[in-house]
Amino acid sequence: MSNKYIGKAVKRVEDKRFITGKGKYTDDMILPGQTYAYIIRSPYAHAKVNSIDISHALSAEGVVAVFTGDDIAQSGINGVPAGWQVNFKNGDIMKEPPHPLLVGTGSTVKHVGDAVAVVIAESKEIAADAAEMVEIDYEVFDAVVNPADAVKEGAPLVHEAAPNNIAFDWEIGNPKAEVDEAIANSHHVTSLEFVNQRMIPNPIEPRSAIGLYEPSTDRYTLYTSTQNPHLIRLLMCAFVLGIPEHKVRVVGPDVGGGFGSKIFHYTEEALVTWCSKQIERPVKWTSERSEAFITDAHGRDHVTHAEMGFDKEGNVTALRIKTFANLGAYLSTFAPAVPTYLHGTLLQGLYTTPKIHLDMTCAFTHTNAVDAYRGAGRPEATYLLERLMDLAAHEMGIDPVELRMKNFIPPFDGVNQPGYQTQVALQYDSGNYQEVLKRGVAMLGYEEFRKAQAEAAQSNKLLGVGFSTYVEACGIAPSAVVGALGARAGLYEVGQVRVQPTGKVSVYTGAHSHGQGHETTFAQVVADKLGIPLEDVEIHHGDTETVAFGMGTYGSRSLAVGGSAIVKSLEKIIEKGAKIAAHKLEANVDDLTFADGKYTVNGTDKSVAFGDIALTAYIPHNYPAGLEPGLDFSSFYDPANFTYPFGCHIAVVEVDKETGKVSLKRFIAVDDVGNVINPMIVDGQIHGGLAQGIGQALLEGAIFDENGQLINGSYMDYCMPRADDLPMFELDRTETPCPHNPLGVKGAGEAGCIGSTPAVVNAVLDALWSGGFGHVKDILMPTTPERVWRAMNS
Amino acid sequence: MIPHSFDYKRASSVEEAIEILQNGSYAKVLGGGHSLVPALKLRLNAPDTLVDVTRIESLKGIGIEDGTLVIGAANTHHEIATSADVQNTLSFLAKGASAIGDVQVRNKGTIGGSIAHADPSADWPALLLAADASIVIQGADGTKTVSAQDFFTGFFSTILEETDIITQIRIPIPPEGTKSTYQKFVQPASRFAIVGCAAVKEPSGATRVAFAGVSDYAFRDEAVESASSSGASAEEAASKAAEGVSIMSDHYASEDYRKHLAKVYARRALVEVS
Amino acid sequence: MQLTGSHTLAAPIEKVWQMLMDTDILAKIVPGVSRLEKTGENQFEAISEIKLGPVSGKFSGGLTLSDIIAPSTFTLNVSQNSKIGNADASIKINLVAVDAQQTEISFDGDAKLSGLLARTGQRVLSGVANTLTKQFFSNFEEEIAS
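Here the protein sequences come in this chain order: A, B and C. Take 1 as the starting number for the first sequence in our numbering and just add one per residue. Take 1 as the starting number for the second sequence in our numbering and just add one per residue. Take 1 as the starting number for the third sequence in our numbering and just add one per residue.
Among the hints, erroneous ones may be present.
Take a look, some chain C residues computed to stay more than 12 Å from chain B by CB distance [claimed, not checked]:
id: 1; residue: 44
id: 2; residue: 61
id: 3; residue: 99
id: 4; residue: 128
id: 5; residue: 146
For lysine-lysine, the following DSBU-like pairs were computed, each having C-alpha atoms within a straight-line distance of at most 30 Å [what the hints assert, rightly or not]:
id: 6; chain 1: B; residue 1: 41; chain 2: A; residue 2: 657
id: 7; chain 1: A; residue 1: 48; chain 2: C; residue 2: 38
id: 8; chain 1: B; residue 1: 9; chain 2: A; residue 2: 124
id: 9; chain 1: C; residue 1: 134; chain 2: B; residue 2: 144
id: 10; chain 1: B; residue 1: 259; chain 2: C; residue 2: 92
id: 11; chain 1: C; residue 1: 112; chain 2: B; residue 2: 41
id: 12; chain 1: A; residue 1: 22; chain 2: A; residue 2: 11
id: 13; chain 1: C; residue 1: 51; chain 2: C; residue 2: 134
id: 14; chain 1: C; residue 1: 51; chain 2: B; residue 2: 9
id: 15; chain 1: C; residue 1: 112; chain 2: B; residue 2: 259
id: 16; chain 1: B; residue 1: 41; chain 2: C; residue 2: 51
id: 17; chain 1: A; residue 1: 48; chain 2: C; residue 2: 134
id: 18; chain 1: C; residue 1: 58; chain 2: C; residue 2: 134
id: 19; chain 1: C; residue 1: 134; chain 2: C; residue 2: 15
Everything labelled a hint here was simulated from the structure, so no lab data went into it. In this text, all values refer to a predicted model and were calculated from it rather than measured experimentally. Beta carbons: idealized from backbone N, C-alpha and C, even for Gly.
Using the sequences provided together with the hints, build the complete structure.
Structure, rendered in structure tokens:
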């Protein structure tokens, strides 16, 4: 195989339609007879619905129907469950009150934005106007928003079925007593209490869903802005609405970003589907932006106390962590997995820490659900480890680079050296952590920087550098492993390759592209494997009717898992093609070589092109006996392990001593995401991830008041990072192939977001330390000017 | 983001606009729409009629008349920021205009719309106070000119009647050798001013200093002005800033911090014009 | 939203107290209130219209007086609902005679906002509080003068 496309910065084929405004998103669709839903939501975080009067709205001109939770309950629908089960330490099953599609009379709303009624009308304007006519009487109760407060005795209860608001508690690592002992025997212990604040994903396209029920065929179609059409169908059919899966088609058309928040099965998807059945017309709902703030699943939200022990030489001896994770009011699809299996299992980091223990308490609060957000659990683990590393270096007077180098796991490629078995269940596939840090430090010009920093320390503009090295688990995931950990689905992927008679190729993948560029990257792989032009390949995704099955896109899994499934099918195509070629060339299959798009008889110039083989497969007049016609294969690929990308991020900041304002001056990222198919797309993924990670460090964060009101629920107050907030990124990469998948790829979607946040916060603290504020251990994220100013003046 | 329904009327003259305002039961003037339209979309406000004045020719045009810089009320922030007349005579107004919001806001938002709205964190009120500008207002009973000092009366409030239209902003061109600046500490989400400090110092030493973002509405800080005018150092004059006024606070900047910033930014502005 | 303020009014404490206990006068001095109807002992139905900057909204709900100790203190409880959000405030009002002709009135309370107002209005809330406070005192002064 020669690589004409793999490894090249091929321009994205999907960009023509996106850049010219021709992408087709859910809200762009107008189905014949379509109606519009407006969902009435609770303004209170915790209140009993005493009564709902829909009579005025129902009689308004243009209103088709108004439904309440009582109507839903009469259909026997309980609500949306989680997709992952985690058990208490004592083995009890987690508390899992379902999320009702609409909260009925006599029940309590559990967060601002909880849905109470839906108005369906001939236009969205009519629906919105009529919604104002629905009278709802609430009895308001006290709310709790912080996970550490929620589990205290006497806190307002979110669910009666979950005493002390505990969804479950959980632990991982070495026995607690061993870790306690190792901490007690440490020469130095670095201790840090901090918050990993709540993030709002904010995809540019708000969620949207259209339910279509066709009575003539008794079939349903759900168009929805999702990362995950097949899983939505499975959850909605089997666990929510109880309708047969073969009667339901779910389509995730063009999707304008998700960052995790569109993985999950949301109540609105089931609601529009149910409503469509009731009125026998299509029902569309599109989230308003201010609605998205209070209904999309949020990310992060951990309250943590972490301690890291060291011996005299600076070797890490132990890590002990107590964390309270906020899950919001209801368990969203992946929510139980995020603080546990996607977080606790990454606490080894890149270090040889011999003893690790995490004690996790997952709490319900009167806030909207918290679930996977770009990185999902791994950024929280990286933030914890890397903040401790820089703080420990500061406390012990050791250089932060040296401290990391001393504690890194030695290089291992997973082939000549075995994978690295961590203390927290995972076995890393391959890594060379020294190299990425070495490169990053060289790009920084470390010695010169420290000189400049010393000079700046005398001025009003302090300089600081922050380091962060990370390893993450991507390519989610081996089904047997995640099944044992509580997943209620397998996490394989499906790839179908249909060679058309003319030799053109249609590929159907269960992965879903919502900005990642699958249509280009996957086509590069297919074109090179078959030796055909890129234009001859088309990638299809996002429709349960055309794609056999799939588990969607998240956890940087698409290429590592979905791409591998396609490669498996390509291998079957090439193998079958060889049989046809052997017949045509009157040669033995074993004497053929497939390269550059043709089968050649070894040692001769006799060959046949792939296109001829395709035509022969569909017009099998002169054809191998017993061989089926056609050239079309589908494969399920279940990975043998997660993949483990890693990297080094370095931030340089300037802090205005008078105002506390932080300016990010430089950002260096050296990432290793395994083999790279399209370096431009990988760089783009890294850039976007860095912006989000830096956003968390400097700008973003949901703020709830004590009554459960989100008080920065618009872009006037919630600060998304913009281009002019960021410097030009300085990127480099190493390529350590994944040893266990056919492409050697690891995944690049989340790396930027995982490594960058602690680098920036570490840099802010380093600047303060250089300016004589050595006592400052932590600044809450986002590190706003006032917080930094207060830290300097505390 | 679905507003209540309303009538949209595009006026072709100021007189027509006033007539529409007089006839509507609840009509609002549409300037650039960067504050009003979001409020409508959130249903925080529901006028029955919007009168678009941005296409009225007489409300546009930047020029110099007898030592006075004249800016039409419907000129956009971008037009002002890039006007040679503004840059050559009162460059801090151009600098201030270019610090407003983002590109889209500057391309659509107008100076008249901004000052009529009188957001406490908007930049124009402080800039016009420091520039000692006058505002020309046309109403049902004719035209009047008021000083910026008299124009802004409180939190989101001005002397404008419901049927008044701002037509022009007139700014005396200061004597040769006058220095001016606008120093803005920006809220990174809204890009409004947490503190905006506009300062003008004439060769005589006479100084005008005005703040945006600090209090309920933009104000001239007389304590700072008189200290600076009578020769106090920037540091000393700035230390008097934002005393005796009610200071705003929110989740991003508390009262203490905002007051601290006002002093820092007053000093930076005064250093710039000294 | 914190609501605090104090002001000295040019009237004896008994007169100030009497005015505060008079429904018609209370309706005139509480900013925005357009109608106050008695529904029970110290209980009222209140309709208000707030026009402040970009926001214009009609509110309605209850207003009650509690913890009344004449002529020095009472608590004003306001619960106002609208389509753009609700406000629930509890404000303790204290009167102290400065001298025979002057009374210091001070209040301290908290307004809980919900809905869109809470979500989108934070940037200007302290300004809203200041403005409402100023309006309350100036309305009061006008009433005393009239």
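Checked hints:
| no. | hint | result |
| --- | --- | --- |
| 1 | 44 | holds, 26 Å |
| 2 | 61 | holds, 18 Å |
| 3 | 99 | holds, 25 Å |
| 4 | 128 | violated, 7 Å |
| 5 | 146 | holds, 22 Å |
| 6 | B:41 <-> A:657 | violated, 40 Å |
| 7 | A:48 <-> C:38 | holds, 27 Å |
| 8 | B:9 <-> A:124 | holds, 23 Å |
| 9 | C:134 <-> B:144 | holds, 28 Å |
| 10 | B:259 <-> C:92 | holds, 28 Å |
| 11 | C:112 <-> B:41 | holds, 24 Å |
| 12 | A:22 <-> A:11 | holds, 18 Å |
| 13 | C:51 <-> C:134 | holds, 15 Å |
| 14 | C:51 <-> B:9 | holds, 23 Å |
| 15 | C:112 <-> B:259 | holds, 26 Å |
| 16 | B:41 <-> C:51 | holds, 17 Å |
| 17 | A:48 <-> C:134 | violated, 36 Å |
| 18 | C:58 <-> C:134 | holds, 21 Å |
| 19 | C:134 <-> C:15 | holds, 20 Å |
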